[in-house]
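2 protein chains.
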Amino acid sequence: MHHEEVRLAVDQRELAGTLALPKTASPGILFIHGWTGSQEDDLARAQEIAALGCVCLTFDLRGHAGTIALRGETTPEQNLKDVLAAYDFLATRPFVDSSAIAVVGASYGAYLGAILTSQRPAKWLSLRVPALYRDRHWRFPKGALDRLDLTLYRQQANGPADNKALAACAAFTGNVLVVESEKDDLVPHQTIASYTAAFSKARSLTYRVIDRADHALSDEASRRAYTRLLVGWIKEMVFGART
Amino acid sequence: MHHEEVRLAVDQRELAGTLALPKTASPGILFIHGWTGSQEDDLARAQEIAALGCVCLTFDLRGHAGTIALRGETTPEQNLKDVLAAYDFLATRPFVDSSAIAVVGASYGAYLGAILTSQRPAKWLSLRVPALYRDRHWRFPKGALDRLDLTLYRQQANGPADNKALAACAAFTGNVLVVESEKDDLVPHQTIASYTAAFSKARSLTYRVIDRADHALSDEASRRAYTRLLVGWIKEMVFGART
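Order-wise, the sequence lines are chains A and B. Just so we're aligned, residue 191 is where the first sequence starts under the numbering used here, counting upward by one. Just so we're aligned, residue 191 is where the second sequence starts under the numbering used here, counting upward by one.
Among the clues, some could well be false.
Derived DMTMM-like pairs: lysine to aspartate or glutamate, alpha-carbon spacing no greater than 25 Å straight-line [what the hints assert, rightly or not]: (1) B/K213 / A/D231; (2) B/K271 / A/D201; (3) A/K213 / A/D287; (4) B/K271 / A/E204; (5) B/K354 / B/D339.
What the hints contain is simulated information worked out from the structure, not anything from laboratory work. Being a predicted model, the structure only gives us computed values, none of them experimental.
Full structure from sequences and hints, please.
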């Protein structure tokens, strides 16, 4: 049982109230979209997962959608702050079980989601086509990074000692889903392999490849395949019912 | 499944988010305290009922607790506005099933609660020692009413045609609990009888007397007896499980 003080507005005044809530709270799922994406990418998926009994939060990272004007200057450090604010909002909803949070990121959002788990508790972590960036670019405008340099970095075998996202994965003790796109033009298989290899303490690891999918899941069939994968994993993991 | 747009504050900015929630919402219970009371009267009771799986709202009516300075001028009409604001706050919480609201009032709060049901849907209505006031005093400062006149009015058999609270009871089609105090010094048995007689369309009516209790339930044993009655009724009615 949880209770919180509230203010009731009436006739230009405020009256004091107290809301007492049952303890039966739902798992919370935080979605983090990729660079140049938006919360739109996950809205339908979030609604489908909410219908299972989870509270889902999607949101637009700084430099995207309503704040696209900031894109040129936005850094990974700033976007992690956005992710932390979104996590804290979700975890403090009185109808959310703050001990049962899942983080679901794609690409740049997966990179941020992995790092989030080093600062906030999560029981489940889903990384779709997780991107990887050099630690020294943490306060560098994300949009101005050298593409060729990034490609070379991602083709190396990187480990927890070299990279803060991989270090977060190495420390993560919850359940993990890693999803690769077979025809990914931005995140090579080596990067996915660096991520999966990093999860040495995970309670479970589920690694899947979506056939014929590109990085952005631009065709409807790939998007549906990803939703099926994610929903199945959440049913198995969060509700403990194998489907 | 329900969803709502939210704003996330970060670095003096706001980011757009969307919260998608499962449909599994809890019944809502609105408590309305009596004249000279406060939400304190029902806090422990509300927490006990929240633990059963309900969302409970208690609040301080205008002219009480933090706004006691307004007591001399406060009218029943104004306090009904407070009750409507509290009802609307409760019924619009995303984790509350707005089709499953119970109204639980005591004395003046029971009078207001009965009238509330003529303006907002309620499935359950609990009236403990419901007070009764003349319709013509609706916009009159409540604290300035003539006590002798009130006593005479309450000793009459009144009906739905004479009184807006009794008219609301006559139109009410939900489930009703009426609780009388055996040693009530303010609300005579005749008033309780006027209320119970008015509920001609109720789906169920439960009428109980608390032995040896006074109007305000000033002894602990009477308060416990009321809590037991109310909790039992809510278990039976809201959760459909006889105890």
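Against which earlier hints does the structure fall short, listed by number upward? none
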